[in-house]
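Protein chains in written order, with my numbering: chain D, 1 to 104; chain X, 105 to 466.
No lab work stands behind these hints: they were computed from the structure.
There may be inaccurate statements among the hints.
To be verified - Residues of chain D clear of chain X, computed beta-carbon distances all greater than 10 Å:
no.	residue
1	Met1
2	Asp17
3	Phe21
4	Lys37
5	Ala42
6	His47
7	Asp54
8	Leu56
9	His67
10	Arg74
11	Thr75
12	Cys84
13	Tyr90
14	Gly96
15	Ala97
16	Gln102
What the hints assert, rightly or not - In silico DSS-like links for lysine-lysine, alpha-carbon gap of 30 Å or less:
no.	chain 1	residue 1	chain 2	residue 2
17	X	Lys406	X	Lys107
18	X	Lys447	D	Lys79
19	D	Lys37	D	Lys93
20	D	Lys79	D	Lys93
21	D	Lys88	X	Lys406
22	X	Lys138	X	Lys301
23	D	Lys88	X	Lys301
24	X	Lys141	X	Lys406
25	X	Lys439	X	Lys207
26	D	Lys88	X	Lys207
27	X	Lys291	X	Lys260
28	X	Lys439	D	Lys79
29	D	Lys44	X	Lys447
30	X	Lys291	X	Lys301
31	D	Lys79	D	Lys44
32	D	Lys37	D	Lys79
33	X	Lys141	D	Lys79
34	X	Lys260	D	Lys79
35	X	Lys291	X	Lys107
36	X	Lys260	X	Lys107
37	X	Lys447	D	Lys88
38	X	Lys138	X	Lys207
39	D	Lys44	X	Lys141
40	D	Lys93	X	Lys141
Just so it is clear, the structure is predicted and the values come from calculations on it, not from any experiment.
For glycine and all other residues, C-beta sits at the position ideal for the given N, C-alpha and C.
One-letter residues, chain by chain:
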Amino acid sequence: MTQWIDACATDDIDAEDLIRFDHAGATYAIYHAPDGKFYATAGKCTHEEVHLADGLVMDYVIECPKHNGQFDYRTGEAKRAPVCINLKTYPVKVEGARVFIQVS
Amino acid sequence: MTKRDYSLLGPDGARAVATGLAAAEWYHTEVPRKEMKALMQRSDAPAIRDTLLLYGLMIAFAGIGIYLWPSWYSAPFWLAYGVLYGSASDSRWHECGHGTAFKTPWMNNVVFEIASFMIMRNSATWRWSHARHHTDTYIVGRDPEIAIMRPVVFAKVIAGFFGLPDVAAFLPRMLYNAFVGVHPTEKTFVPESEWPKVVRVARISTAIYGATIALALGMGSILPLMVIGLPRLYGAWHHVMTGLLQHGGLADNVIDHRLNSRTVYMNPVSRFIYWNMNYHVEHHMFPMVPYHALPRLHAAIKHDLPAPNTSIAQAFGEMWPALRRQLASEDYFLKRSLPATAKPYREDFHLAALGAAATAAE
Ligand code: FES
Chain D
1 MTQWIDACAT
11 DDIDAEDLIR
21 FDHAGATYAI
31 YHAPDGKFYA
41 TAGKCTHEEV
51 HLADGLVMDY
61 VIECPKHNGQ
71 FDYRTGEAKR
81 APVCINLKTY
91 PVKVEGARVF
101 IQVS
Chain X
105 MTKRDYSLLG
115 PDGARAVATG
125 LAAAEWYHTE
135 VPRKEMKALM
145 QRSDAPAIRD
155 TLLLYGLMIA
165 FAGIGIYLWP
175 SWYSAPFWLA
185 YGVLYGSASD
195 SRWHECGHGT
205 AFKTPWMNNV
215 VFEIASFMIM
225 RNSATWRWSH
235 ARHHTDTYIV
245 GRDPEIAIMR
255 PVVFAKVIAG
265 FFGLPDVAAF
275 LPRMLYNAFV
285 GVHPTEKTFV
295 PESEWPKVVR
305 VARISTAIYG
315 ATIALALGMG
325 SILPLMVIGL
335 PRLYGAWHHV
345 MTGLLQHGGL
355 ADNVIDHRLN
365 SRTVYMNPVS
375 RFIYWNMNYH
385 VEHHMFPMVP
395 YHALPRLHAA
405 IKHDLPAPNT
415 SIAQAFGEMW
425 PALRRQLASE
435 DYFLKRSLPA
445 TAKPYREDFH
455 LAALGAAATA
465 AE
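Pulled out of the complex, with its shape left as it was, chain D reads as follows (with noise of 0.2 Å):
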């Protein structure tokens, strides 16, 4: 079953960064593009099991702070090693000043 989470508001996060939610035993990154859009994915890189909060937001592509490894955030794809595995992405939705996530 999907739910919508209200998971922060949107000027929680600075535009081009991202944060940590963590919700009923998972964590995710969500993160403010330099368009104003806001996007999720799965919180842990998929090389090691590395946050990827305290990594480096540019442009539309999140760098993970272990490594370096690179993902696109929007679609989750790999775009550099060490990673190779996609990244997981979750439906977001703005309400108001809200940001929501769907997970299942």
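Based on the hints, put chain X with the ligand in the right spot on chain D.
This is chain X with the ligand only, laid out in the frame that chain D set:
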């Protein structure tokens, strides 16, 4: 005294996995997110400037060396060219491998491939070995890039200044990769999807060295090899000198880079050749920060780190006796004191990893 087994397929590596020492969460100094974001920002300008300078100097030195060949007057130019070829390529390989030197990815990739060739590392293999070095820095049986294994073999370390062990390991492995395939040890850290690239890179390198040797034979002169290949030997000393200082004599099997890495203040020429990797604790703690921002990172976190060594000579003066003591006791290591402003080492955690040696060696 514990006997260390550095093999990636040996019991120490298996034990590190079983005890949770491998792929553990490491200590980080706290840096406010805004400040860290500013430090991590990428830029092409510094690396373009440094790369033009590096390649420009290499062309100039090699050009003069060729012009003066075979006179001994060419020797200083070969020595200068050699250091840029056989040592600066190490730091370019390193920074571009991280993808932090340039902002533009293709620029990182081009310089990475050229530097990998010059430093004689298969670019496909070593990208992965270095990822493991960052995951399991100086963890015995896990880190494939431990420069000084205990007990140190001094003859090997000294031969390293002339590039001999590296080249002796590289050439047979290049031929193995080119004609047989990926080596079983490499299979432990290189994902299968990358194996064809390992073979392709090895074949390209084999072809270039083959052509250079053929040219040298055709000319009846070693001059082509003075330009390609030999500088990896006669110019290796600088990267070995700086590389040994990164972790030599410090603790292994810990998860705090303040215990196993060394920051050394260096002269500007060495810092250009080494691309600021003298800020080594800082680099390991925050590999996202590009080389040109490491002095700023150092200023931001030095209150939480052991005092840096004040020069290359002073750092060797500290490390060399420690390596000698490790001949008698492999467990001995240098444990540098932290300033009063720093968060203390997690003695409880490291005692579990090190046993009694953690305090005995203090
Ligand atoms: S853990 Fe993310 S790139 Fe290695």
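Tested hints:
| no. | hint | in the structure |
| --- | --- | --- |
| 1 | Met1 | holds (33 Å) |
| 2 | Asp17 | violated (7 Å) |
| 3 | Phe21 | holds (15 Å) |
| 4 | Lys37 | holds (19 Å) |
| 5 | Ala42 | holds (18 Å) |
| 6 | His47 | violated (8 Å) |
| 7 | Asp54 | violated (8 Å) |
| 8 | Leu56 | violated (5 Å) |
| 9 | His67 | violated (4 Å) |
| 10 | Arg74 | holds (17 Å) |
| 11 | Thr75 | holds (17 Å) |
| 12 | Cys84 | violated (6 Å) |
| 13 | Tyr90 | holds (23 Å) |
| 14 | Gly96 | holds (25 Å) |
| 15 | Ala97 | holds (21 Å) |
| 16 | Gln102 | holds (26 Å) |
| 17 | X/Lys406 x X/Lys107 | violated (34 Å) |
| 18 | X/Lys447 x D/Lys79 | violated (36 Å) |
| 19 | D/Lys37 x D/Lys93 | holds (9 Å) |
| 20 | D/Lys79 x D/Lys93 | holds (25 Å) |
| 21 | D/Lys88 x X/Lys406 | violated (37 Å) |
| 22 | X/Lys138 x X/Lys301 | violated (38 Å) |
| 23 | D/Lys88 x X/Lys301 | holds (27 Å) |
| 24 | X/Lys141 x X/Lys406 | holds (18 Å) |
| 25 | X/Lys439 x X/Lys207 | violated (37 Å) |
| 26 | D/Lys88 x X/Lys207 | holds (26 Å) |
| 27 | X/Lys291 x X/Lys260 | holds (26 Å) |
| 28 | X/Lys439 x D/Lys79 | violated (40 Å) |
| 29 | D/Lys44 x X/Lys447 | holds (27 Å) |
| 30 | X/Lys291 x X/Lys301 | holds (13 Å) |
| 31 | D/Lys79 x D/Lys44 | holds (16 Å) |
| 32 | D/Lys37 x D/Lys79 | holds (21 Å) |
| 33 | X/Lys141 x D/Lys79 | holds (21 Å) |
| 34 | X/Lys260 x D/Lys79 | violated (39 Å) |
| 35 | X/Lys291 x X/Lys107 | holds (25 Å) |
| 36 | X/Lys260 x X/Lys107 | holds (19 Å) |
| 37 | X/Lys447 x D/Lys88 | violated (36 Å) |
| 38 | X/Lys138 x X/Lys207 | holds (19 Å) |
| 39 | D/Lys44 x X/Lys141 | holds (19 Å) |
| 40 | D/Lys93 x X/Lys141 | holds (26 Å) |
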